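> These protein sequence lines map, in sequence, to chains A and B.
Under the working numbering, think of the first position of the first sequence as 1, with each following residue one higher.
Under the working numbering, think of the first position of the second sequence as 1001, with each following residue one higher.
None of these hints come from the bench; they were simulated from the model.
Given the structure is predicted, the values throughout are model-derived calculations rather than measurements.
A virtual CB, placed ideally from N, CA and C, is assigned to each residue, including glycine.
Incorrect hints may appear among the rest.
Chain A is faced by these chain B residues, among others (derived, beta-carbon under 10 Å) [said to hold, decoys possible]: (1) ALA1020; (2) ALA1024; (3) SER1157; (4) ILE1158; (5) ASP1159; (6) ARG1162; (7) LEU1164; (8) ARG1174; (9) ALA1289.
A few chain B residues that don't get close to chain A, going by computed Cβ distances all over 12 Å [what the hints assert, rightly or not]: (10) GLU1046; (11) GLY1165; (12) VAL1240; (13) HIS1264; (14) ASP1314; (15) GLU1416; (16) GLU1492.
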Amino acid sequence: MNGATQTRFHGAEATATVPDSMDATLEQPDAALSVSGVTRRIAGRDVVDQVSFDVTDGELVIIVGPSGCGKSSLLRAIAGLDPVAAGRVLLDGRDVTALPPEKRRIGLVFQDHALFPHLRVEQNIAFGLSHLDRAVRARRVHELLELVRLPGVAKRYPHELSGGEQQRIALARALAPDPAVVLLDEPFASLDPSLRDDVRTDVIEALRLRNAAAVLVTHDREEALALGDRVAVMSNGQMLQIDRPEEIYERPSDRFVATFLGEASFLPDPDQPGLAMMARPHDLDLAPRGDDVVTARRYMGAAWRYTVRRSDGSLIDVDLPGGPGTKPLAIGDACTVTIDAGHPLHRLPA
Amino acid sequence: MTSTISQQARSWSSTALISAIALAVSVPVLVIVWSIVQPSTDVWEELWATRLPGMIRDTATLLITVLVGTLVLGTSLGWLVTAYQFPGRRLLGWLLVTPLAVPGYVLGFVWLDTLQEPLGARGVRSIWLCALVLTITLYPYVYLFARAAFREQSQRSIDVARSLGCSRTQAFWRVVLPMARPSLAGGVALVGMEVLTDVGTVRLFNVSTIADGVLRVWFGTGNRNAAAELAVLLVGIAIVLIAAERLARGRARFTQSGSRTGLHVERLRGGRAVGASVIGWGVFTLAVALPVYRLITWAIEARRTDQTATVAGDLGFHLMSSLRVAGIATLSCLALGLLFVAGLNRRHISSTMLARLATLGYTVPGPVVAIGVLVTLAAIDRIGWLPDGWLLVGSFVGLIYALVVRFLAVAYQGIESSVAKVSPSVVASARTLGAGRFRVATRIELPLAGAGIIAASVLVAIDTLKELPITLILRPFGTETLPIWVWQATSESLWVQAAVPSLAIVAVGMVLVAVLLWTLEHGAETVS
Chain A
1 MNGATQTRFH
11 GAEATATVPD
21 SMDATLEQPD
31 AALSVSGVTR
41 RIAGRDVVDQ
51 VSFDVTDGEL
61 VIIVGPSGCG
71 KSSLLRAIAG
81 LDPVAAGRVL
91 LDGRDVTALP
101 PEKRRIGLVF
111 QDHALFPHLR
121 VEQNIAFGLS
131 HLDRAVRARR
141 VHELLELVRL
151 PGVAKRYPHE
161 LSGGEQQRIA
171 LARALAPDPA
181 VVLLDEPFAS
191 LDPSLRDDVR
201 TDVIEALRLR
211 NAAAVLVTHD
221 REEALALGDR
231 VAVMSNGQML
241 QIDRPEEIYE
251 RPSDRFVATF
261 LGEASFLPDP
271 DQPGLAMMAR
281 PHDLDLAPRG
291 DDVVTARRYM
301 GAAWRYTVRR
311 SDGSLIDVDL
321 PGGPGTKPLA
331 IGDACTVTID
341 AGHPLHRLPA
Chain B
1001 MTSTISQQAR
1011 SWSSTALISA
1021 IALAVSVPVL
1031 VIVWSIVQPS
1041 TDVWEELWAT
1051 RLPGMIRDTA
1061 TLLITVLVGT
1071 LVLGTSLGWL
1081 VTAYQFPGRR
1091 LLGWLLVTPL
1101 AVPGYVLGFV
1111 WLDTLQEPLG
1121 ARGVRSIWLC
1131 ALVLTITLYP
1141 YVYLFARAAF
1151 REQSQRSIDV
1161 ARSLGCSRTQ
1171 AFWRVVLPMA
1181 RPSLAGGVAL
1191 VGMEVLTDVG
1201 TVRLFNVSTI
1211 ADGVLRVWFG
1221 TGNRNAAAEL
1231 AVLLVGIAIV
1241 LIAAERLARG
1251 RARFTQSGSR
1261 TGLHVERLRG
1271 GRAVGASVIG
1281 WGVFTLAVAL
1291 PVYRLITWAI
1301 EARRTDQTAT
1311 VAGDLGFHLM
1321 SSLRVAGIAT
1331 LSCLALGLLF
1341 VAGLNRRHIS
1351 STMLARLATL
1361 GYTVPGPVVA
1371 IGVLVTLAAI
1381 DRIGWLPDGW
1391 LLVGSFVGLI
1401 YALVVRFLAV
1411 AYQGIESSVA
1421 KVSPSVVASA
1431 RTLGAGRFRV
1441 ATRIELPLAG
1451 AGIIAASVLV
1461 AIDTLKELPI
1471 TLILRPFGTE
1481 TLPIWVWQAT
1491 SESLWVQAAV
1501 PSLAIVAVGM
1511 VLVAVLLWTL
1521 EHGAETVS
């Protein structure tokens, strides 16, 4: 299969060796971005370790992971800002691994916007359009300002805009040259929480309207699950799993993915030794009386979250519905943890 | 109640004091500008018919050539040591500042003698060579500003520019350089002032600039009104220079919000690394190593032929004279600068006006300040407030006064900007812990801004140590600084005699530059 790939993508043989594990995830022919076996090495350490995934047109893939997991390094490697030690990056089927960033057709959006402070908004957006003639350029700038819903700010300077407006202009600038893929590095992290939702919605909307392929990096798991068409979890330079949000939340491949995306407890599987059952707090219930003890409780609006010490000494989180008329348990109450999921619990390696 | 009254009284008295100082410091400049109102037409007409057109042409040619030259040289060297890694980069980064310690009138006569053989006695005295000498001694101003500006920039701007289709080189031209523009303009403006001030270098190369003309009119005719009117031309050029930069800046800003990641440094290899080293060492050789080497050989010859003293005194006498002038002038500027920063309420418009007024002197070339002070002091002497036989003209106080008028701005702006960098929340914390205004200044602001304050003082010291036109016009009898000795020897082409005082200036200057570099490195640590 490697042979087939190399004939299709001329010139790929010069760049990297494709690891065997790649056979299973051969590039989709219609992928806007295809990353295979990309490794980034700094001082002998693989900060990005053989990462492979595809993004199709119009799709938003969100890479999520704790800080220092290599997600931003991966983005920089895809953009060509840092060299890769191994692997390939294909854009619209074109091998760009050896190309400098300016030849790749990639849009970049950073957390701190990185708008050029000495240029007006329209000049910022037109920055990547210098090959077009004046009239076409002006029309494109106008279109993009409409797209990000800021039609009146063309003549302003970046410092005269709010943080949210700056971020939308940064996106417009990245989209202007019609890139094969847009890469966004923590684009909403610097925004005020009250603004964040609006800007998020507008940015995602703009990406959809342009049918752009996009990769967004974040450390915010709720943002990842809510916005992504697919979500990838990274840890220690490796991409552990990539899947649709509900798949990856409900059927994580290992404990790290499970706990990174939400609260989870693990119960030994009585039937299959070596496997564990993943229980989210809402999969569990508490029966009155028993050997387990409530050690803490927290009111969360829609539910009460209890922390219960089980008879074997382990701690486990359980959500019980709140609301008028419910009588919450008190700290120190005796109880028994039961499974009340309404579906079989997901099993993963213990 | 009583405390608010006394507080108010104190605030009034401090405002009055500061206003008085600002007025005293700005009067000489205002006097010059005022002189244009009643021109002495006969001198003016004669000048216009004879030398003035040539002076204007030479001044313009020299100014433009040196501005372009220092901009190109200072910016490229700044970029080279910031963005590239090559053998000796760290050392060169420091050494390239050291030409600050070699005054143009010293570098000038070394080159004059070195190039006399190949170019001939006439050919060597050209305006272009003069411009080259000034470029090589003044570029460190642009270099220092450029380096600071490049260090502040974020790699992300370059990353974004590259993702939008720019190569590394294009990104430099379209993003890095435009963002550094205000800093570069600031450095170039300083260079412009130095060129307009210069009288020592241009005299060596027979270039007759307006500054030189002011000096010739004063020493030739003794007509201080005519000299003042000629000086107005220099003020005019200086104002145009500053206004041009302000206009060009417009509404745009040049700093970015967000984290400063610093620029990525590219490692040069092979021929390119060698090339980078050669350029850096080449500039250092031409500006510092060659002149120091020649000065040393001349000084040895001077010692052998017993030419290490003047009629006024030996090296020790002149050195003490220089140190006394530079030291007292620097301390005065420092004290007044601190007083200004501590006393001015930065939120008040009136105080910004006062600060502008007090720092007017630095935007005015040295000969103008000298003539302005002369006119002012002469007027005071005529009123006769002082006891019999006491005259301000030709006194040590008069000289220090003029140096303060010229250089207070350097001290004030340095102190102001480093105090402004002290975080307001740190000051607020101190205030809520019960510290008063004075305690905050002495315990919080001064220690935190210490490095910046030292750096500002050192800049004043370097400037006053090299200073020529003001000292030349206003020095009292018995004060013969090192630059005066160099000036007297070189105006008769006695290079060997000029070597000893030149070497002394360079040596003291090198010590000051070393202190400056040290504070620049350490200042960065305390501020961040």
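> Look at each hint and say if it fits the structure.
Outcome of the hint check:
The beta carbon of ALA1020 (chain B) comes no nearer than 38 Å to any beta carbon in chain A, farther than 10 Å, and the hint placing it at the interface is violated. Checking ALA1024 (chain B) against chain A by beta carbon gives a least distance of about 39 Å; that is not within 10 Å, so the hint is violated. The interface hint given for SER1157 (chain B) holds, since its Cβ lies 5 Å from the closest Cβ of chain A, which is under the 10 Å cut-off. For the restraint placing ILE1158 (chain B) at the interface with chain A, the shortest Cβ-Cβ distance is roughly 9 Å, inside the 10 Å limit, so the hint holds.
Of the supplied interface hints, the one on ASP1159 (chain B) holds, with its beta-carbon coming within about 5 Å of a beta-carbon of chain A, less than 10 Å. Interface restraint check for ARG1162 (chain B): the shortest CB-CB distance to chain A comes to about 4 Å, inside 10 Å, so the restraint holds. The interface hint given for LEU1164 (chain B) is met, as the beta carbon of that residue sits about 3 Å from the closest beta carbon of chain A, less than 10 Å. Restraint check, ARG1174 (chain B) versus chain A: the minimum CB separation of about 8 Å is within 10 Å; hint holds.
Hint on ALA1289 (chain B) is violated. Least Cβ distance to chain A is approximately 38 Å, over the 10 Å limit. Listed as a non-interface residue, GLU1046 (chain B) keeps its Cβ farther than 12 Å from every Cβ of chain A; the least gap is roughly 48 Å. For GLY1165 (chain B), the non-interface assignment is contradicted: its Cβ lies about 5 Å from the closest Cβ of chain A, within the 12 Å cut-off. The claim that VAL1240 (chain B) lies off the interface holds: its Cβ sits roughly 23 Å from the closest Cβ of chain A, which is beyond the 12 Å cut-off.
Not every CB of chain A is more than 12 Å from the CB of HIS1264 (chain B) (nearest about 9 Å), against its label as outside the interface. For ASP1314 (chain B), the shortest C-beta to C-beta distance to chain A comes to about 55 Å, beyond the 12 Å cut-off, and the non-interface label holds. For GLU1416 (chain B), the requirement that its beta carbon stay farther than 12 Å from each beta carbon of chain A is met, with the minimum near 22 Å. Once the 12 Å rule is applied to beta carbons, GLU1492 (chain B) is consistent with being away from chain A; the minimum gap is 51 Å.
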